[in-house]
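Residues per chain, in single letters:
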Amino acid sequence: MRLPGFAWKIALAIGLAAIPRLAAAQGSGTIRGTVTDSSSGQPVIGAQVTVTGTTLGTITGGDGAYTLRNVPARAVTVRAQRIGFAPLERDITLAENDTATVNFALTAIAAQLSEIVVVGYGTSTRQGVSSAITSVGSEQLANTPSASIESALQGKAPGVQVMENAGNPGNGLSIRVRGPASINAGNQPLYVVDGVPIIQDGYGQLGMGGQDVTAVSGLNPDEIASIDILKDAAASAIYGSRGSNGVVMITTKRGQEGKPKVTFNAYYGRQDNPKQYPLVNAQQYVELYNESAKNDGYDPEDYPFIPGEDDARSFNWQDAIFRDAPISDIQIGLSGGSERTKYYISGSRFDQEGIVIGSAYNRIATRLNLDFNPYDKLQLRTSIGLTREDHQRIEGDGSLDGVVTNAIGMQPMRPIFSDDGSYAGRAEGLRYSNPVALANLNSTSLNTLRALGNVEATYHFTDRVALTGRLGMDILGLDEEQWESPLVDRTYAASNGGVGKSGHTNVHRYVMESFATVDALRNDRSTLELVGGASVEHNDSDLNFVRGENFPDGFTKYVRNASIVTEYDGHATKNNLVSFFSRANYSLLGRYLFSAGLRADGSSRFGEDSRYGVFPAASVGWVVSDEPFAEGLGRVASLKLRASYGETGNQGIGDFAARALAGGVSYAGTPGSAPVSIANPSLRWENTREFDGGMDLFLFDGRLGVTADYYIRKTSDLLVQRPIALTTGFSSVWDNVGNIENKGIDLSVTTENFRPSNEEGFGWTTTLNLTRNRNKVTKLFGGQPFTTGINGRETSIVTEGQPLGSFYMYEFQGVDPQTGDAIFRDVDGDGELTSADKVIVGDPQPDFFGGLSNEFSLKGFSLRTFLQFSKGADIFNMMRLFTDDGGCTWDNMWAGALDRWQKPGDVTDMPRMSYDCTSGADEISSRYIEDGSYLRIQEVTLSYALPASLLAPLRIENAQIFVSGHNLKTFTDYSGYNPDVNSAGAGANIVMSTDYFAYPIARTFSIGIRGGF
Amino acid sequence: MRLRLLLPALLLGALAGCDSVLQTEPSDLIPSGSLIKDGPTAHAALVGAYDALQDLSYYGNDFVVLGDMSADNAEHVGTYQFLDAIYRHETRADNSAITGLWQAIYEAVARDNAIIQQLPEVTEIDEDERNEILGEAYFLRALNYHNLVKLWGDVPMPLKPAESPEEAAAYTRTPAAQVYQQILSDLDQASNLMTEDSQTRQASLGAVRALRARVDLYMGDWAGAVANADSVYDMGYTLAAPYSSLFSSEGSDTPEDIFRLSFTAVDYNEVGYYYLWDGRNEVDPTQSIYEAYEDGDARRDWSVREDDGYYEGTKFPTTVGAEDLHVIRLGEVILIKAEALAQQDKLEEAVDEYNKLRLRAGLDAHVFGTDVSTKDDVLQAIWHERRVELAFEGDRWPDLVRTGQAVSVLGLPPAQAYQTLYPIPARERTVAPGLTQNPGY
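Protein sequence lines, in the order shown, are assigned to chains W and E.
The first sequence maps to residues 1 to 1013 in the working numbering.
The second sequence maps to residues 1014 to 1454 in the working numbering.
So that you can see chain E by itself, here it is in the shape it has in the complex (with noise of 0.2 Å):
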């Protein structure tokens, strides 16, 4: 009988062969044991370090928004209760959209160490591309950390991947002025590696610069900031005009463009989905910011709609998140080399400087001994300045922690002023014990 053999057949069928079974590969992942073994996977984790960039907790969203609702730019309206806290200023250690913005940044810097720790090693690659790559990924860290450092203040700063959990949980803070010693030589190794001058959805020398200036004035080194804006405007850099082309819908490239990030429909941010009122609608423009716009400022008419006593942020014009932002443009080299300008004493080449953004805001250039005569009012003139030019665009809280000016000028009552610092994350300190809160939480 022939089923007589076939059952025990079926049966002998399911013994064998076990092994190779049970032995699966992934379809649409791979192993990421070596993820870095020739030119092309190098580039491929070098995108995957922009990438990261991208995430909605980092300039994709949150980095953006909180920069503005945790100042006095934006009040928060919209229906959750975390970003409720940080508009308050009664930021938890537990909310959850620090906590996100720490991890989408910790990342970053993850993919950031990988290239810098794995691309060395690698023989089949071209020089100049590996250099190049290198760079880019000593620039980003950079950038990661600066953005680190500038919230929180002292945090951990791993320079490879961790080999293993434990490995992480074991890190403490590092003092913010090592922080800041650091990003100047990864700075320094990016300068020194790339040498791409022209791209601008991805480092250029351009980018390694102005962010050089950008850290020197958060250090106050007020001669470096000047140094290095003069070697960006040395660039070939102009204003766009106008203001509004450089926040078009499609992201398109505009000659002020130092390093932006690329958005599209498909990876896109949610920037204007939180301010617009068709969107999420998390976030509305502050009665404040609208007023401290002059009249006839093209930047408030971009920016703000009025309607009935209510406003709505419409500098990010589409809920789709396709605009290409802004992580420096020529802008804000301005403002920095002003600023260094004034600090050093040089009022009237600081005036000179922002009077440019004013004249493309279709405004009346300051004139120095006139409307601003004194170092402290041509200062608060550069930090309002600051304040209209980069609305919504994540500068205005750090600004003001920056200049010590976040408690007076929020009114913060004094048992807030801790505040100024965001919390180490709750969790990240019960699975990292060493590491200590900032004081206050």
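Pulled out of the complex, with its shape left as it was, chain W reads as follows (with noise of 0.2 Å):
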């Protein structure tokens, strides 16, 4: 390999050896200095520094540092320059035999460049990155009204898909880092706060139709100073056993030195509910349903209804559950510190009503983070959060007792109230129980009490050797208490004196790390960074549950009043994971990049013959433009080329799924035991590898930047529960077998259209972010097709050569004109409709979608618009099984239902109404999928710097007002209130994109303001 740096500075030395006595003759000094990364506080390497107007320069080491000897003694001017930052001159004047210190601050020409990543087990700057990492900084995460981080995510890190499943507050979200690569061991990817892995799944007892709460929701937005997500297995593997899905890596604010300073934050809006779902009114429903008795041969006297007198009156039942809710958040920080002690403190309570009644959630946090260096040798940093949710629930998705799905199941020609002014019930002729009743009586609270922190103490042998140890903890406490009012009509808990239900659950983990940071090379070529270390972390959990009814008049909710105690779990679970990890990062001349590492995991979940994995990594990146015979290139542009490969795990099973075990049972009052669960001693990692192959492009002064990536993921021996024969007496057996393929494309283009000339003037940013993945699934036990779906209805299969989760079922050809009945294809030709008719009718994942941010600024104005799309998902739309099923369980019909076929002759692909049924209406076929496609208009916000001279007076450095609109338009053909929609929830990895009277999407108009003094 040519060293071009290295023949440059040879070069160099012999010139100046040609002319040292002419030098020495006119008198000289030194200059010494480092040259430094103004953003990040890291060395440049490779840097030239020149005295202009002579031939004497250097290069810098691999501290940044530098020395020129011989310099004239009088007045000089040094320069500094390096290809990707902006050259820098200073004039100093050298007296003879003197020694001058010059260091420069450059400033690179693509900021993106010297950006700080969080890796795992340390940090680098952008420009020293060889794997694929995505940051988003807390300045993309501001005021977005909802209660999660993952929210303000979606659509702004490319190869990051962020599913909101529904819109109830404190909801738990689906991410998917690069496509789903698992069948059961769960897909969400590892959250590491402030480097300690934390509880992320969700531990609520109580099952509410897919609205889950998961314990990511604990993380306060406003307490995050950037997120970084790893997104290739080459930077994902140093979390080995857990890094296959990906790692969201948190760091929260920390002090800086200086004098106290208060920063301030709040914001208030107003939420409803953009879009009803498209229903029939009472005279449409009348004639659809006498429709249904005339098509099926019914005489006129035996019609169900009676026009004119059974919908003589209509009520919208939509309008009766959503409501103009408010949603607010404030924060206040104090941060600042001496050179040797820093703090961080910060209180914040974000407070939100749900669009739906009897729906809402609040949380308040605090945090307090310090950092204190009792010596230059010593450093110790605590990073410590508590938090407490309250989230007010409501039933969910496919319940008989379901809020939402309640109010469009209702005939509409049923009244929300009685006459007498009570909750109508069976008597006013409702077949379900009335949703206002329920969401108003009835309560479900769930309650969490959490302490996340760390402690971590660094000690410096030298300037070169560290050490760190830290200890991290993460203890969850959830309260939840449900109370089922016997005062609600046509329900369970109407005819058994309400039912109370009450649930504790801990969760505990404690994390113990020490990992050796040592600089093992610094010199003028290279640098060489080792990290080694080891890590032992206990995870145990236990709960409560006890479920009482028949409650006296007048008591409700805690079991004490309960007659009878219907229902009762005591369960305890543990698991510990050992690891052991190392990395090194080889860099040349800070243009030939090299990493690799190695992690080593143990865990308690698999068999003995398979408890340690071990997950290689390897990445390359390649500064193309640093190159001499680039130079072109180079002075206009930045490139890095990159290319990783790397194996990571999921762990993501029960913590004794490898095990025969039998549990407790009882008969008659009799204590007995039963099997439930079949061993797989053998049971092991599901394993990913992953290639990518990358470059980071920043052009014309970094007004273009381009991150692009390709990649192939290819996960096997998935941890799957294997359906087996029932007749061993069990459903599955959890196995290692199959193999599922992402591959994939992450783009994000970010331009500097127009670059304001001072802090005044006009400035406008473009950032597209877009993900392209295929998902396949190639390989299966025995090639074995299994199918799942939810509430016993089967939609969804995974098979090979097809993307997971497929939806399954009839193919709907139209309807027959002469009888108006549904066509379905008869695949095996026997003239019925058969299981073995049903065939791939849809794909639950988009083809691409992504993100388009624009950024206006002028003055002290700036205006932000986001949109998100999503294009070529399929949607089941679950809610017309029972609103568009020809009239076969009474529901209210969906306004599409109108374009029925009605006699014959119609051309329609909407089936006849049938009162028996008979028309195939109600089968569960591709009839119920729709695009799912969406163009979003997320985010527009307008905010103004309040100018300095209204400031000062009130002893305010900065402050920022700004209104907002969230969720403001979705463009899309889905029927449905929201494209972005799986009720299956969070914590499902088969069945995606499925709505089943889903939560909708509120649609937000806030204003704030934020601020420092």
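Simulated from the structure, these hints should not be mistaken for laboratory data.
These figures come from a predicted structure and were not determined experimentally.
Some hints could be false.
Claimed, not checked - Calculated lysine to aspartate or glutamate pairs in the EDC-like style (CA-CA distance at most 20 Å, straight line):
(1) W:Lys779 x E:Glu1179
(2) W:Lys574 x E:Glu1179
(3) W:Lys574 x E:Glu1362
(4) W:Lys776 x W:Glu741
Bring the two chains, given one by one in their own frames, into a single complex with the hints.
Here it is, written out as structure tokens:
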């Protein structure tokens, strides 16, 4: 390999040698100093430092330092320059035999190159990274009117798909980093907060139909400084057995040296439901149902309704459950410190009422982050957050007591209130429990209390060797209470004197780790950094639950007042993880980057034979624009090419999934035992191998930035609950079978269309994110496909050669113009509709998705617009199974049913109404599959920085006011509330994009202020 | 500097003792390798075998509800399409209720098989206790296989626990006749081993003989059915009065109980929850069953409530589900004997038998020669009596299939006649490809 930089230096040395006497004769001095990156403070290696007008020059070494000897003792100009940075000149006057110190802090041409990236057990700069990592700064997370950080990430990180699932406040979201790679072992990324993997799963005991509560909602976006998403396996392999779904590295805010500084941030908003599900009114309903009886040959006197009488009144039940609801957030932070001690203290309160009556969420969060350097060699840090959350929940999708469900299902002529003003019930003809009564009289609360923190000590043996020890803990307690009131007619509780439930869950995680960081090599040409360490992690959880019925009049909720206990539970489980990890980063001339890592994890979850897994990773980066041959390019651009390979794992299964176990049962009050699981002693890790090739290109003084990656992820030994013959007495066994492949492209393009000439000038920046992922199941046990679904309806299949969770059902081919019956494809040609006629009719995963943001600034004003889009995902609109079933269930009908077939010769795709359900309209078929593509105006924010002249008298340093709108408009052909939906919940792996009366996502208008003093 | 020592110590601490850290044991479950070791563990396993019958897919609900809803006693009015498909005789091989029922019965069989295989090897147990437990396990296996064979026909018939999933993947269907032979053999074993003759919430000799009579009836062994019914009579069971006392919400004992499953508010069934309007209300009685009751029949007053042309199934009076459901009771044994007698042309004796139930229901006794005269009259009367006496207890559908009347009584079009046998679950045939499907599916 050519070493041009080295050669250049030799030439320089020879040149210098040729003129030594001359220079010395004039009288000379020495200039020394360091060159650092202005934003990160990291040394800049390979920068040229020259004295203008002379041939004197040198190159900075591994520590960024340089020394220029024999500099003429006079006024000189020293210039530091490096590709990718704006050159800087400094004038000094050098005295004879003197040594002057001149330090340079260079500003990167493309600011992106110098940002700090958290990589797991360390940090790097963007310039030094050779794997695929996406960073999202706090400014992009701020003021998203949602409880969770994941919502704020939606559309902002290429390669990261964020699915809202449902719009209830505090709802758990689904995140897929580069596509789903697992069938049963979980597809959510690993969350690491300030270096410690956190509790992130859902632990609520009360299922609310697709509205999961996950532990991630407890993270307060206000406290977060940055999020780095480790996307490729080379980056995430440092988290080995849990890295295969990507890693979300969250860094909380910390104090800076300086006077105490107060920051504040507050907003208030109003939310509403942007779209109602189109349903028919009472007149149309009566017409449709009477037509259904007519179609099936009933006599007019047997028709179910009397027009003019039964449809005299019509009610919009959706109006009765949706409301205009407030949302607010207020946060105050205090930070500052001395050279030795720095602090960051924050307190915040987030409060959101749901747009469906009866639902709400609030969170109080506090944080104390301290940095303390008792003396130079020792750094102590604490990062401690305390959070309390209060979820007020309503019964969700697919439940007979669902609030949205019943508001849609209710016959439109049924009144909400009876004549005496009480909630209408059976007496008024309600076929389901009254959703308004359900929301107002029943209650379900889930409160969490969480302490998440770590204490860390770093000891610097020398300036090149440091040892860090860290103790982290995450303690989460959940209290759940539910009350089903006996006053809600047509419910189980009504006939059983009320139902009270109480559940308590404790989840603990303790992490102890230590690692050494060694700057093994730091010279003019190259640097070598080594990290190695070990960690032990202990997890345990326990829960109890009790359910009582039959409460005396006037008593509610608490089970001590129940006359009988009908369910109880008590359970505990635990698992441990022991890990060893290491990584080496080698940089040659700052131009050739090599990184290699190795992690070994041992988990108590696996069989004794296969407890340890080893996860290697390697990546290379080449800064092409740094090459002398690319000098022309280097003047206008920075181009880095990257390639990486890594292996990661997944261990997201039950703590004792490998074991044959028996549990307690009872019969007639006598205790007994029965097997609950079948063993697989060779159960091992799920393994993902990923290749990533990418490039980072910054052009024209950073005005155009492009980051693009192509990846192939192959996951094998999938952890699957493999179906086995039920004749064994079990339905499945955990096994390592099958492969999944994800291939795709992540692309991010940033353009600075107008760069402001000064602070007041007009600026315009555009950022586009685009992700295309192709998912395919490539191998299954014995090639056997399997189907699954929700609520006993099979909708989705896992089969070789197809995307995970493809929709699998009858293929609707139209409506017979003669009979009005639905026609389905008869695959096996036997003339019957049997399970052999099911085919793949859709893919719940998008072809591509992303976001487009534009930021404009002029004087104190700035305007941000953010569009978010997804193309090509199909949605199974399961609401139509009831509202577009040809009239089988008496539920209210979707307005689309008005286009039904009515008489021979009608050409339509809407089957006839059928009183006896003989038209085929209620078959689960591709008739209910809709295109879920959408383009959403996700955010428009206008903010104004109040002028200093106004603020100075108030002693406020800066303040910004803003007005903002979120989820303003969605352009889609989807008929339901919202195409960003999944009623199978955050924990679902296979069933995706299924809408089963999901809680709609709110549209929000908010105003706020933020600033500091 | 102490810290200088502390930090490496932390690292060493992390490295040490990994293997023991990775050896965790569950705190609320036990290894199931050798579940049956002695008397108490054998008894616990037997409790597990009874517990399997309580499954909500089995006697806990679906098995009972499907038995009437597949026939003409109950209609589907709820939201579960998979129940609607069964009701409309458009069941398909991937029906989740059918799959669930198959799964629940085989889970019960697996627990019976574990006892039958492991218990004879156990020495730490009293001989009488072992025989009783083993006998009850044989009885339960016979009951479970009879329920399988009457709904599906030929079924796989493992007689010991599968060693591995692969073993079960190779199972094929055993012809129904052979399954019946095994049922008889298991009942013989139970009869030889058991001595218990009074308990009603677990199997007793009475239950063994009553089930034997039922199996004889299904096999057309009329003489055997009569003999076994008589052997039940000899044990002193008497009809409960009133009829409603059989279905009290607490599951109180009655003299008619032979074998009924215990349910409590905690260990509940969902039959009431499925029928009652305050529950899930997936099913209602049909107009046909309501009208099948003669006026004044106390059984109608208890079992069906008419309200403005709608019918509510009130036989199981609460949504709590603490009623102890009857697996077999004297009333059924009387009807078995009556039917077997009629089949043997002992018509007058047959009428005397079923009159016992009419009289209890507050109806007049049939007079042979007036109300019923021919063998066909008597059989029809018995089948009608079965329908109203055992309504909503899950017997109507197997009765119609057994007597070959399903197609005619339900008016099934010829194209749907194949639905008289449930389909082998599709997912089962995927993992065990040797299982053939019933015709038509």
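Okay, the hints, checked on the actual structure:
no., hint, verdict
1, W:Lys779 x E:Glu1179, "holds (19 Å)"
2, W:Lys574 x E:Glu1179, "violated (31 Å)"
3, W:Lys574 x E:Glu1362, "violated (67 Å)"
4, W:Lys776 x W:Glu741, "holds (5 Å)"
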